[in-house]
Amino acid sequence: MRLRNSSMDGSDGSQLFEDTSRAGNQQAGPQAAGFPGQSLLSDPMSNLAMAYGSSLASQGREMVDKNLDRFIPISKLKYYFAVDTVYVGKKLGLLVFPYMHENWEVSYQQDTPVAPRFDVNAPDLYIPAMGFITYVLVAGLALGTQNRFSPELLGVQASSALVWLIMEVLAVLLSLYLVTVNTDLTTIDLLAFSGYKYVGMIVGVVAGLLFGKPAYYLSLLWCCVAIFVFMIRTLRLKLLSEAAAEGRLVRGARNQLRMYLTMSIAAAQPIFMYWLTYHLIR
Amino acid sequence: MAFTLYTLIQTAILCTNAIAVLHEERFLSKIGWGVDQGVGGFGDDPGVKAQVLNLIRSVRTVMRVFNSVEKSFP
Numbered sequence: 139m140r141l142r143n144s145s146m147d148g149s150d151g152s153q154l155f156e157d158t159s160r161a162g163n164q165q166a167g168p169q170a171a172g173f174p175g176q177s178l179l180s181d182p183m184s185n186l187a188m189a190y191g192s193s194l195a196s197q198g199r200e201m202v203d204k205n206l207d208r209f210i211p212i213s214k215l216k217y218y219f220a221v222d223t224v225y226v227g228k229k230l231g232l233l234v235f236p237y238m239h240e241n242w243e244v245s246y247q248q249d250t251p252v253a254p255r256f257d258v259n260a261p262d263l264y265i266p267a268m269g270f271i272t273y274v275l276v277a278g279l280a281l282g283t284q285n286r287f288s289p290e291l292l293g294v295q296a297s298s299a300l301v302w303l304i305m306e307v308l309a310v311l312l313s314l315y316l317v318t319v320n321t322d323l324t325t326i327d328l329l330a331f332s333g334y335k336y337v338g339m340i341v342g343v344v345a346g347l348l349f350g351k352p353a354y355y356l357s358l359l360w361c362c363v364a365i366f367v368f369m370i371r372t373l374r375l376k377l378l379s380e381a382a383a384e385g386r387l388v389r390g391a392r393n394q395l396r397m398y399l400t401m402s403i404a405a406a407q408p409i410f411m412y413w414l415t416y417h418l419i420r
Numbered sequence: 002m003a004f005t006l007y008t009l010i011q012t013a014i015l016c017t018n019a020i021a022v023l024h025e026e027r028f029l030s031k032i033g034w035g036v037d038q039g040v041g042g043f044g045d046d047p048g049v050k051a052q053v054l055n056l057i058r059s060v061r062t063v064m065r066v067f068n069s070v071e072k073s074f075p
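Those sequence lines, one after another, are chains A and B. Going by the numbering used here, the first residue of the first sequence is number 139, and it counts up by one from there. Going by the numbering used here, the first residue of the second sequence is number 2, and it counts up by one from there.
Read the hints as simulated data drawn from the structure, not as lab findings. It cannot be assumed that every hint is accurate.
[Said to hold, decoys possible] Computed Cβ-Cβ distance ranges for the label pairs, DEER-style: (1) D222(A) - K31(B): 56 to 64 angstroms; (2) N18(B) - T223(A): 42 to 50 angstroms; (3) N18(B) - G282(A): 37 to 45 angstroms; (4) N55(B) - M305(A): 19 to 27 angstroms; (5) M201(A) - I14(B): 30 to 38 angstroms; (6) I409(A) - V36(B): 33 to 41 angstroms; (7) P352(A) - I14(B): 41 to 49 angstroms.
[Said to hold, decoys possible] Which chain B residues stay away from chain A? Per the calculated CB distances, all over 10 angstroms, these: (8) I14; (9) L15; (10) N18; (11) E26; (12) R27; (13) F28; (14) L29; (15) S30; (16) K31; (17) G33; (18) W34; (19) E71; (20) S73.
Using N, Cα and C, we set each Cβ at its ideal position, and we do this for glycine too.
Isolated chain A (complex conformation) (with noise of 0.2 angstroms):
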């Protein structure tokens, strides 16, 4: 399985993310010594108080991060935010407009995918997780021009919508253990493809709001159709096997089995993307 381990992040840090901190500490320090007061250093107790309290702080930062390196692995995180506004801005117009891409393969540099900002085709987690803070900020907003808002309703909408999230990821995990597909689909890439959906969302109910009721239904058929491309595009060069993937019918009860199972991740997210805005727009 290729895992996107931190090997990434060591002396190859500016693949991920530019190392900026380093120009800045060396003007921040000695500056920040000299001015807020030349009489608490001068003492030389507080000065080993300074020195014993920010080799505790270090200490302890180490330990929490070794702790919850364990349960979130946070350099592998960071792949999936290792976007730039080029990447974004390219995600949002496939994600709206899949028709024209015609090379769907995420690149890999050695075994080892390349990071979103470098490869259009690279999930990340950036997009959903925006998307899914301004369906939250939208709702409201929908909620707001109907006198319907509370800002309980806030919540509400929230944890909804991730509970809606989570069981579908856990789904679609759930039927990827039964077929026995032989994928190298992390859960976070679940968690990124199923969170493209919010964009489409978010759409859909914008152009309610300006627009009316049927401009509401237009653009979410219209996102829907979309989506389903899109994920059907992505999922088949990662779930099928490689004759299937290029288009050619194979034969066979297990290639089958896994064509519809792309097919019905695909056509769950048009289902969740009218379930979850059709109450906003009356």
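Once you have looked at the hints, place chain B on chain A.
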């Protein structure tokens, strides 16, 4: 539908309980889903039914461990 995280936890617990209370001889063997009827061949294609039976058996085994741990507490 207002789902909260608490309903998700409730759903998970109820589903696990539902799998755990399936009786082995009275029910699963009768409908051909017993533990001895699952693993057929050793080919590279276990099939959906074998995976489902494996899942049920492993969930019940894990629940049995929890049950015995809980029994040992006075």
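The hints, checked one at a time:
Checked against the hint of 56 to 64 angstroms, the C-beta distance between D222(A) and K31(B) comes to roughly 60 angstroms, which is consistent with it. For the hinted restraint 42 to 50 angstroms between N18(B) and T223(A), the CB-CB distance of approximately 49 angstroms keeps it satisfied. Under the hint 37 to 45 angstroms, the C-beta atoms of N18(B) and G282(A), about 41 angstroms apart, fit the expected range. Checked against the hint of 19 to 27 angstroms, the pair N55(B) and M305(A) passes, with Cβ atoms roughly 23 angstroms apart.
Remark: the range hint 30 to 38 angstroms for M201(A) to I14(B) is upheld by a beta-carbon distance near 33 angstroms. Checking the proposed 33 to 41 angstroms range against I409(A) and V36(B) shows it holds: the Cβ atoms sit about 36 angstroms from each other. One distance hint, 41 to 49 angstroms for the beta-carbon pair P352(A) and I14(B), holds here, with the actual separation near 44 angstroms. Residue placement check: I14(B) keeps its beta carbon more than 10 angstroms from all beta carbons of chain A (closest about 14 angstroms).
Non-interface status of L15(B) relative to chain A is upheld: no Cβ of that chain comes within 10 angstroms, the nearest being about 14 angstroms off. With a cut of 10 angstroms on Cβ distances, N18(B) stays outside the contact zone with chain A, its closest approach being about 17 angstroms. Every beta carbon of chain A lies more than 10 angstroms from that of E26(B), the smallest distance being close to 25 angstroms; the non-interface claim holds. The non-interface label for R27(B) is consistent with chain A: the shortest C-beta to C-beta separation is roughly 25 angstroms, beyond 10 angstroms.
For F28(B), the non-interface assignment is confirmed: its Cβ lies about 21 angstroms from the closest Cβ of chain A, beyond the 10 angstroms cut-off. With a closest Cβ-Cβ approach of about 18 angstroms to chain A, L29(B) is found to remain outside the 10 angstroms limit, as its non-interface label requires. Under the 10 angstroms C-beta cut-off, the non-interface status given to S30(B) relative to chain A holds; the minimum distance is some 22 angstroms. Look at K31(B): its CB is around 23 angstroms from the nearest CB on chain A, clear of 10 angstroms, so calling it non-interface holds up.
Every C-beta of chain A lies more than 10 angstroms from that of G33(B), the closest at about 18 angstroms, which supports listing it as non-interface. Listed as outside the interface, W34(B) is consistent with that label: its C-beta sits roughly 14 angstroms from the nearest C-beta of chain A, beyond the 10 angstroms cut-off. With 10 angstroms as the threshold on Cβ separation, the claim that E71(B) sits away from chain A holds: the shortest Cβ distance comes to roughly 25 angstroms. The Cβ of S73(B) sits about 28 angstroms from the closest Cβ of chain A, beyond the 10 angstroms cut-off, so the non-interface label holds.
When each numbered hint is compared with the structure, no violation occurs for any of them.
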